[in-house]
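Protein sequence lines, in the order shown, are assigned to chains G and R. Quick note on our numbering: the first sequence kicks off at 1 and runs consecutively. Quick note on our numbering: the second sequence kicks off at 93 and runs consecutively.
Heads up, some of the hints might be wrong.
On the chain R side, residues computed to face chain G include the following (Cβ under 7 angstroms) [claimed, not checked]:
| # | residue |
| --- | --- |
| 1 | Ala180 |
| 2 | Val184 |
| 3 | Ser185 |
| 4 | Glu218 |
Negatives, chain G to chain R, calculated, CB over 12 angstroms [stated by the list, open to error]:
| # | residue |
| --- | --- |
| 5 | Val49 |
| 6 | His56 |
| 7 | Arg58 |
| 8 | Arg62 |
| 9 | Ser77 |
| 10 | Leu85 |
In short, the hints are calculated from the structure, not lab data. Since the structure is predicted, the reported quantities are computational estimates derived from the model, not experimental observations. A virtual CB, placed ideally from N, CA and C, is assigned to each residue, including glycine.
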Amino acid sequence: MSDNFGFSGRKKLAEKIAQIPGDAATDDVADKHGFVSREPVQPFRRPPVEPVVTLHTRAPLRVATPFQQFCAENRYSYWEGIEELMRRAGVV
Amino acid sequence: MPVVVFANPKGGSSKSTSALILAQTLASAGASVTVIDADPNRPLVDWRTGPSKSSLRIIGDVTEQTIIRTIADNHTQQFVFVDLEGTASRLVSRAISRADLVVIPLQASAVDARQASRAVGLVQEEEETLNRMINFRVLVTRTSPLIKTRLEKEIVGVLTKADLPMFQTHLHERQAYKAVFARRLALNELDLQSVSGVPEAIANAEKLAGELADVLTPAEAA
Numbered sequence: 001m002s003d004n005f006g007f008s009g010r011k012k013l014a015e016k017i018a019q020i021p022g023d024a025a026t027d028d029v030a031d032k033h034g035f036v037s038r039e040p041v042q043p044f045r046r047p048p049v050e051p052v053v054t055l056h057t058r059a060p061l062r063v064a065t066p067f068q069q070f071c072a073e074n075r076y077s078y079w080e081g082i083e084e085l086m087r088r089a090g091v092v
Numbered sequence: 093m094p095v096v097v098f099a100n101p102k103g104g105s106s107k108s109t110s111a112l113i114l115a116q117t118l119a120s121a122g123a124s125v126t127v128i129d130a131d132p133n134r135p136l137v138d139w140r141t142g143p144s145k146s147s148l149r150i151i152g153d154v155t156e157q158t159i160i161r162t163i164a165d166n167h168t169q170q171f172v173f174v175d176l177e178g179t180a181s182r183l184v185s186r187a188i189s190r191a192d193l194v195v196i197p198l199q200a201s202a203v204d205a206r207q208a209s210r211a212v213g214l215v216q217e218e219e220e221t222l223n224r225m226i227n228f229r230v231l232v233t234r235t236s237p238l239i240k241t242r243l244e245k246e247i248v249g250v251l252t253k254a255d256l257p258m259f260q261t262h263l264h265e266r267q268a269y270k271a272v273f274a275r276r277l278a279l280n281e282l283d284l285q286s287v288s289g290v291p292e293a294i295a296n297a298e299k300l301a302g303e304l305a306d307v308l309t310p311a312e313a314a
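The following block holds chain R by itself, in its conformation from the complex (with noise of 0.2 angstroms):
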């Protein structure tokens, strides 16, 4: 049961985005996921009210007191992922804590890859302090599938120079990942003539996907 949790203190990363995204992705290549939404918004449970036929499960309600017993409680998924809220809490922490790999969404900006780099400053003390290996990857999200801007390019080569690890595929700007949210269903589900770009976006999740499991493979299979 690898542990995935999304973390940026910075709001309007796109935590729910990736993490939704991601988890329909796995949850329709037939894998079970269950995903505990853990920002007070509530995004992904409002998700799971919809009408969408995904077999992704959603928890909700959980506070610094139940993350921990509640991550442990659902052992028996192949998946479990915690979407955080964009804040920096100890529910954030406690979270990480108990993280097989931590993905740090950020967008192209300086207020956003300033705050990431707290979640990166925490992740590696955690790591000395609990004195066992916390996989982390940045992941770049929003960035326009056609054009790199010079702000993009100078992040990500920030991040580069300083040897973080990145996911190389970027989580692209889309309308359908929006649209996901809106009609509260799956990427796959979504009504290709009302909504554009969907078979673009689902070719990005599924890149990013691959790369999730990749990135997961190892550390399991160790």
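So here's chain G without its partners, still in its complex pose (with noise of 0.2 angstroms):
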């Protein structure tokens, strides 16, 4: 059946368009040289889907600091830590 619509003219430029190499090529090619991306990836943080409580407290320094170092260290928010440490205890 003959195409008077143009719809065939479209494809061959989808064709076309699939053969250019874009940026993925050229970072094949910078792996391969060792031209590797040196910035830092963002984690990606899963919001909870789950009831949640907003907790406020007053804690000593003596607590608080070594707390607040031992999420900075292993990149917990506040509740991982809690969490963390409840499991370290066999609380949870």
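Combine the two chains into a complex, taking the hints into account.
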């Protein structure tokens, strides 16, 4: 069936576009030559999908400081830090 | 809008000096020039905070995600220069993928030459992948205007033997080039009384800029 509407022409254009190498092709060459990404990757943090409650607490410095350090070193948010410590203590 | 990228994974090969001196020289001849400072140390962004009245436009804070768009956004300029970081990174390769000319500065030292050969290898393979010609030229920097050292002759000899395209003009070691960064001025704004060799530095820069324009002209006309 002949195409009088130019749809087949569009397909040819799509094929041509597919042949044009994108940045991914350049990046593959770069990786091969040791030109790798040097930029930090932002971790994707999944938002909680469970019910949440806000906790405010006044803690002594001797407790708060090591807790904050623990969270910073392990890249935990405070609730993740609490959860991890409770897990280690066998509470949860 | 020719895009001229300065690349050598070795730090201290005079990428920023070459980019700034050439860009200033073209700007002082009336060209509209933007330099994208993609070096995390931001030497050119720092230079722009000084008192220079040069029309040179400097853009900083680019990442591998934004470099291609930043180059495209400056298409109205007569020249876009990209001063890259002295490391082998994806940002470098992405900038090269958009270049009309890659300038590979190197000091006459074995370490610089070895790292420069990595940049040459990357350019040549990107050419094949993108199926378009990416012009490149090696620029020998920080040479003495008076004496050619044995090592310099040896390295230039190796480059010539390997048929690598080179700038005939070298960027000489000049106090004036250092003063441009220290005073944050253009070459032609330096005080002749307190900085030595300014006219010679300007002559060297103009000769090199002329050669750069010659390299870019046939590609533009084609």
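Could you tell me which of the numbered hints above are not met by this structure, giving the numbers in increasing order? none
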